[in-house]
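Two chains, two frames, a set of hints: combine them into the complex.
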Amino acid sequence: MAGAIIENMSTKKLVIVGVILLLFQAFSFMVGGLIAPSPTTAVHYLATKCVDTVKTHHKGSKWFMPWGPDQCSKIRDFDEATAKRIEANNIVFAVHIPLPNREMSAWFQFMLVILQLDIAFKMQNPIDDGALVTLDVGLAYRDSTLSEWTEMAHSIEHRKLSCNFTATKTSENEGRYYDCDLLPFMEVGSVAHKYYLLNIRLPVNERKKVNIGIGEIKDIRLVGIHQNGGFTKVWFAMKTFLTPSILIIMIWYWKRITQMTRPPVLLEKVIFALGISMTFINIPVEWFSVGFDWTWMLLFGDIRQGIFYAMLLSFWIIFCGEHLMDQTERNRFSVYWKQVGPIVFGSFCLFIFDMCERGVQLKNPFYSIWASDVGTELAMAFIIVAGICACLYFLFLCFMVFQVFRNVSGKRSSLPAMTKARRLHYEGLIFRFKFLMLVTLACAAMTVIFFIISQVNEGHWHWGGYTVQVNSAFFTGIYGMWNLYVFALMFLYAPSHKRYGGEQSSADQGGNSGEDIQLTTTITHVDGPTELYKMTGKEAQE
Amino acid sequence: MCTGLPRTACPLRLIALCILLSHAAAYFGLTGREPLVFLPGPFANEAPNGKAHLKQCEQMTLTRRQKRLCRREPGLAETLRESVRLSLLECRYQFRNERWNCSMDGRGSLLKRGFKETAFLLAVSSAALSHALAKACSSGRMERCTCDDSPGLQHREAWQWGVCGDNLKYSTKFLKKFLGQKRVSKDLRAQIDSHNINVGIRAVKSGLKTTCKCHGVSGSCAVRTCWKQLSPFQDTGHLLKYRYDTAIRVHSVTNSATGETELASPRRHSNTVPRPRPTELVFLEESPSFCRPSRYSPGTAGRPCSKDTSCSSLCCGRGYNTALHLTTLSCHCQVRWCCHVECQTCLREEEVYTCKKH
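Here the protein sequences line up with chains A and B, keeping their order. In terms of the UniProt record's numbering, the first sequence opens at residue 1 and continues consecutively. In terms of the UniProt record's numbering, the second sequence opens at residue 1 and continues consecutively.
Same shape as in the complex, but just chain B (with noise of 0.2 Å):
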C-alpha cells in the first residue's frame, strides 16, 4: 500500500495518514499506514508562542492540503492524535470477543483489501475524528469552529448577531474539507471507502440527543432554548458494531444513464438499481477466517477467552489450554474522586483459558 508515497521518517510514529492506491481520498487514523504503537502521551501543554503545533503537523503523514489546513488550525494536530487514541481504544473494546481483535499488525494488508474489517475500521475512524472535532471545538483548542462559515457576515459580527452554527455541523463540515470527500473518483473500491467514512460520521450526528432548557419568566418554558448533545463515544461504537455486523457485500452497476459506475447492494430485488442506505455499512469480498496468523492478522492462538461464551468460537474449534493462575486483584478499594484509591490486595486463583496453537 501506500506506493504512490516515498516511506518518510516518522520520528515519533504519530499518526500516519497516507494515499491509499492512486485514491484522491486520504486516510487517517486507524487507516494510517504506520503501526500504530504509541498512545499519545501526556497532554501537550504547547508553548505560549503557539508555534508547537506546526512541528507536529510536520511530523505526521498528510497530503499537502491538510497539512495546510493543520498549520492554520493550531489545535488541529493536538486533535488528530486524539482521535487516533479514541478510534483504536473504542475498536479493541468493540473486538474483545472476534477474532480479529482489531490487531494493528495487519493493518496495512487489511486497508488495500475491501473487508467488513476495513469498513470498520474507515467508519471508526471518521466517527472518532467527527467526535474529537467537535469537542476540542468546545474546550477551545480549536480556533475556528463555528462561525467561519456564515456567508456576508464577519466572523466576529456573525457571533454577535447570533447567527453561528453548532460545533458539529462545523466539524463534519471540515472533516470533508480535510478528507478531500467532494470529489469521490469512480473506482469502486473510494466509493465504498468514501460510503464507509459517511456512515462513521452518520452514526455521531444519529447518536447526538436533544437537550433543552426553559428559562423563560419565572423559569417556565415560554423561552425554551435547546441544544444537540453529543453521546458518549462508547455508543458511537457500538452502533458501528451493529453496522458491523449487519454490513452488506455490493457490487458495482454502471448506470446506463450517465455511465458511471455506482454501488448496488444485492439483497433488495426490485427495478430500480439497489443502492446501500447511507447508514448501512458495505463491503466487497468476504472476510478470511483470522484464525491463523496471516497478512491480515497474528490469528488467534494464544488468546484469552471465556470457556462458556467466547472460547469455541475464538479458537476456531483448535480447542484451548486451562490454566491455573494465582493472581493478585486489588480489592476492598476505597475510592475517592478524583485520584485516590486505596486498596488491599487479594490473591484470587483463576482460570485462564487460551487457544491452542494447533
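The shape of chain A in the complex, shown without the other chains (with noise of 0.2 Å):
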C-alpha cells in the first residue's frame, strides 16, 4: 500500500483533522464525564432470617419475603433460634432485590451479586481449615407486587471460606468477626424483571459433614452490582451515533480501494478488517435487551470486544512488518502466522475461560469456576496461558517496532544518495509509519492513564458545582478513542486519488522503468508506487 491519503495531504489540513478528532475526542470525555452517571451501582443487602415453620409449609408458596405485605416469620438472631429450638434447615435468608419502594429495570443490563458471610469467633467453633459452605439458593422473580413468584433458578452451590482472624484467638476476643473474603454468588446476564427474590439456606447434614466447620455465621449480605441505568443510555445513544460513522468511512474506504487497477494488499485489507471488528462492536443490539430478555448479551458483548482485541492486536503487527523496509516480500498473512499466531491461541484460551464462566451462567446463574479447585486451577491454567501469548506477542511486536526503526535509522543514512523516487518513496513510509507509532502510543498511554486514574480514584470529582464522573468519562473517553482511531486509519490510510492526475501517463513512466521494478521488488510489490507517479509527473514538468 502505497500513497495513502496522509502523504499526500498538506501538513495544514492533517492538522485541520486532527483538530476535528481532538473536539471529538473531549466531547466523547465530556459525555461520560458531565452527563452519565456512574457506571454501576453497588446496592447493600442484609439477609433477613426467615423461620421455614410447618405452618408455611401449607399455604402453599415455599418462597420467602423478607419484608412487605407477606413477609415470613423472623428472627433477629440465632440466640433467639437457639431458645425456640429451630434447626439449621429451618433457617431461610430471604433478600429481596431490589429495596423497598423501588424497582429494577432492563436498563440495569446486568446483575452480579457478591457474597459475605458474617463469621463470628467462637473458641468451641472455629472455622476449619479449607471450610465449604454449601448453599442451597432459589432464585425467584415477579414482575408485580401481587403476583406469585415465579422460580428462576435453584442450585446447590459450594464456595471455599477463606478467612483469617486478625485478633488473637482467646475467648476475650470471641464475638469478634473474622475477615472473609467476598465470595462470588450470583451473575445474571439481563435484567427482564421488576422483583427479584433470592432464598438462602444452609443446610446441615452431620453425617455426609455438609456445612461443618463453618464457624457461628451471624448474618449474611450480599452486594448487588448493576449498570445504571443513565449509564446505559448514554453509552447507547454513543453506539447509535458511533455505528453509521464508522460504516460510512468504511464503505468510502473499500470504495476508494476497488476503485483501484490493483487488487487491495494485506495491509489494506486489514485495516477494513478492523473496521468491520470495530463496527461489530458499535452496533446496537443491546437496544434489542430493553425488550428481549436475552441472557446472553454479556457474553456476546465479551465476545465483540475479544475479536475487536484480536483485530488490533494483529494490525499493529502486520503494519509494522509491511513497514520493515528489507528486502523481504511480504503482503501475505501467513507470513505472520509465528505473532498472530499468539494472539489467536490467547484470545482462545479466554474465549473458552468466558465460556465456562459466563457461559454457564446462562444455564445457571449462581455458577462460579473459581468456586472449585478443579475450575481455578483450569482458569488459572487459561489465564496464565492467555497472559504467556500475551508477553510473547510484545516482545514480537516490540522486536518488529525495534527493526522498523533500525531499517529507518539505516535507510536514513542513505537517503541522499538515492534517487528522487526511491527516496520520496522511502520518506513516505517512514512518514506514515511515525504518524501511526505516535498516534497509536498517545492511544495506549491515554488508556492505560485514564485506567489507572480510575482504579485510583474514587469515582467522581468535583470542579466547582459540577461532578465529575471520572470512572464514566473513561469508559465513554476511551471508547470514543479507539473509534476514533479506527476512524482515522481508514481515513488516513486510504489510497490517495492524487494518482489519477492527469499527466501521468504509461509513456511518462517508461523513461524510470529501471528505477520502477527496483521499487516494486523492494516494497509491496504490484501496487503503483503513487510517489512515483508524482515524481515522474513533477520531473516532466520540470
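Just so you know, the hints here were simulated from the structure itself, not pulled from any lab data. Be aware that one or more of the hints could be misleading.
[Said to hold, decoys possible] Derived list of chain A stretches under chain B, where covered just means 3 residues or more per stretch with a C-beta under 8 Å from a C-beta of chain B:
| no. | region |
| --- | --- |
| 1 | 84–94 |
| 2 | 171–185 |
| 3 | 210–221 |
Think of the CB as a built atom: it goes at the ideal place given N, C-alpha and C, for glycine as much as any other residue.
As C-alpha cells, this is what we get:
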C-alpha cells in the first residue's frame, strides 16, 4: 500500500483533521463525565432470617419475603433460634432485590451479586481449614407486587471460605468477626423483571459433613451490582451515533480500494477488517435487551470485544511488518503466523474461559468457576496461557518496532544518495510509520493513564458546582478514542486519489522503468507507487 | 434533668429520648432519661398493615419533630430500639474493666454533667444509631433510604438513572435531622454534646472499608465497582473507647471577631484559638472516682475483678475478697451451625475475686 492520503495531505489539512478528531475526543469524555452517572451501582442487602415453620408449608408458597405484606416470620439472631429450638435447615435467608419502593429495570443490563458472610469467632466453633459452605439457593422473580413468585433458578452451590482472624484466638476476643474474602454468588446477564427474590439455606448434615466447621455465621450480606440506567442510555446513544460514522467511512474506504486498478494489498485488507470488527462492537444490538430477556448479551459483548482486541493487535503486527523496508517479500497473511498465532491462541483461551464462566451462567446463574478447586486451576491455566501469549506477542511487536527503527535509521543515512523516486518513497513510508506509531502510543498511553486514574480515584470529582464522573468519562472517552483511531486510520491510510492526475501517463513511466522495477521488488509488490507517478509527473514538468 | 418535660408514662420502658436541660438538641439511646432495664424482646413481626410502628413511636419519649419522623418512617422505631441495644452492649463490653462499668443507674446525674463518661455515652449512642440506620436500610426495614434527597429527580427516576447515594450518607444526614443538629445553641454544654455526637458519627465513618469487585471482560478489572462497607460495631466501640482514653478537657473562649462562644482545648499553644479536633472527645470537668456509691454510679464494691490485672485499680485500694466457687461449665462442646450445641458439663473450682466494701 503506497500513496496513502496522509502522505499527500498538506500539513495544514492534517492539523485540521487532527483538531476535529481531538474535539470529538473531548466531547466523548465530556458525555461520560458530565451527563452520565457512574457506570455501576452497588447496593447492600442484609439477609433477613426467616423461619420455615410447618405452618408456612401448608400455605402453598415456598418463597420467603423479607418484608412487605407477605413477610415471613423472622428472628433477630441465632440466640433466639437456639431458644426456640429452630434447626438450621429451617432457617431461610431471604433477600429481596431491590430494596422497598424500588424496581429493577431492563436498563440495568446485568445483575451481579456478591456474598459476604459475617462469621463470629467462637472458641468452641472455629472455622476449619479449607471449610466449604454449602448453599441451597433459589432465585425467583415477579413483575407486579401482587403476582406469585416464579422460580428462575435453583441450585446447590459450594463456596470455599477463606477467612482470617486478625486478633489472637483467645476467649477474650470471642464474638469478634473474621475477615472473610468476598465470594462470587450470582450473575444474571439481563434484568428483565422488576422484582427478584433470593432464598438461601445452609443445610446441615452431620453424616455427610455438610456445613460442618464453618464457624458461627451471624449474618449473610449481599452486594448487588448493576449498571446504572443513565449510563446505559448514554452508552447506547453513543453506540447508535458511532455505528453509522464508522460504517460510512468503511464504505468510502472500500470504494477507494476497489477503484484502484490493482487488487488490495494485505495492509488495506487488515485495516478494513479492523473497521468491520469496530462496527461489530458498535452495532447497538443491546437495544434489544431492553425489550427481550436475552441473558447471553453479556457473553456476546465479551466476544465482540475479544474479536476487536485480537484484530487490533494483529493490525499492529502487520502494519509493522509491512513497513519493515527490508528486501523480503511479504504481503501475505501466512508470513505473520508466528506473530498472529499467539494472539489467536490467547484469545481462544480467554474465549474458552469466558464460556466456562459466563456461558455456564446462562444455565445456572449461581455457577462460578472459582468455586471449585478444579475450576480454579483450569481458569488459572487459561489465564496464564493467555498471559504468556500476550507477553510473547509484545516481545514480537517490540522486536519488530525495533527492527523498523533500525531500518529507518539505516535508510536515513543513505537517503541523500538515492534517486528522487526512491527517496520520496522511503520518506513516505517512514512518515506513515512514525505517524501511526505516535498516534498509537498516544492512544495506548491515554488508555493506561485513564485506567489507572479510574482505579485509584474514588469515582467522581467535584469541580465547583459540577460533579465529574471519572469512571464514566473513562469508559465513554476510551471507547470514543478507539473509534476515532479506527476512523482516522481508515481515512488517512486510504489510497490517495492523486494518482489519477492527468499528467501521469504510461509514457512518462517508461523512462524510469528500471527504477520502478527495483522499487516494486523492495516494497509491497505490484501496487503502483504513487510517489513514483508524482515524481515522474514532476520531472516531466521540470 | 429533663425538667422541661412532664414525666410521661413509659409502659414498655422503651428508649427515653428527652430534652436535656434547655438545650435545643434532643438526645436518644443511652442518653435517654428512663432506666434502661430492658433489652428489646423478640424481633417485632409487625402487622402487615403497617400501623404497629405508630404505636411504637407513641411509646417513646420523643420530641415533636422526632415523632413526626418516626411516624413517617415505619422502620424507624424498630431501628431506634436496635440502636439502644447495640450501644448498651458495646458500652458494657468496653467498660467491663473500668471503675465505671457503664452502669445505667447513675446515668441521669451523669448526663447533667460534662464528664468524659458523658462524652462517651453521647458518642456511642450516635455511633450506634448511625450504624443501625445503615443496617436497617440494607435489610429493607427502612423505606426511604437513599434516593429521597436527590434534588430535581423523582425518587423512581433517580434510582433508574443511578444517582442515589449510599446508605451511610443518608443515615448521617438523617441523624442530623433527627437530632436537630442543624442549630447548635451557644451554650457551652450544648456545643460539647454536639461535638461528641459528631465524634460518634465520624467514628462509624472512619471505620468504613472500601471493597472492590472486578467484573470486566472475562472478569478483568476493566470494569470495577467499589462500595463502602460498615465495619463491625465492636471496632467502632473500640475506637470510641480509645477516644475516651485520650479525651481532652476544654473550656470556652469567646471569639472576639464574632462574639460567639467556641470550644478551646488548652493543650496546644499557638496564636489562634486551639479548637479540639473533630475526632477528639471533649469534656468539661474531671470525672469522679466512681469508687464509692454516689449519684453517678453504684461504686465498685462487690465488682468481680481479675487478680493480676484489674483488681488493684478497680477496688480503689480497698482490697478484695477471695472466694472459692465450684462452678459448672459447659465443656467439650459440639457446636453445629446454627443453633445446635451439645455440651458436657464440667465442674471447675474457680477463685473469684470481688472488691471489698470498705
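Taking a Cβ-Cβ distance under 8 Å as contact, does the region 210–221 of chain A have three or more residues in contact with chain B?
holds (count 7)
Closer than 8 Å Cβ to Cβ for three or more residues is the test here. Does the region 171–185 of chain A pass it with chain B?
holds (count 4)
With a cut-off of 8 Å between beta carbons, are at least three residues of the region 84–94 of chain A near chain B?
holds (count 5)
Hint check: no violations occur; every hint is consistent with the structure.
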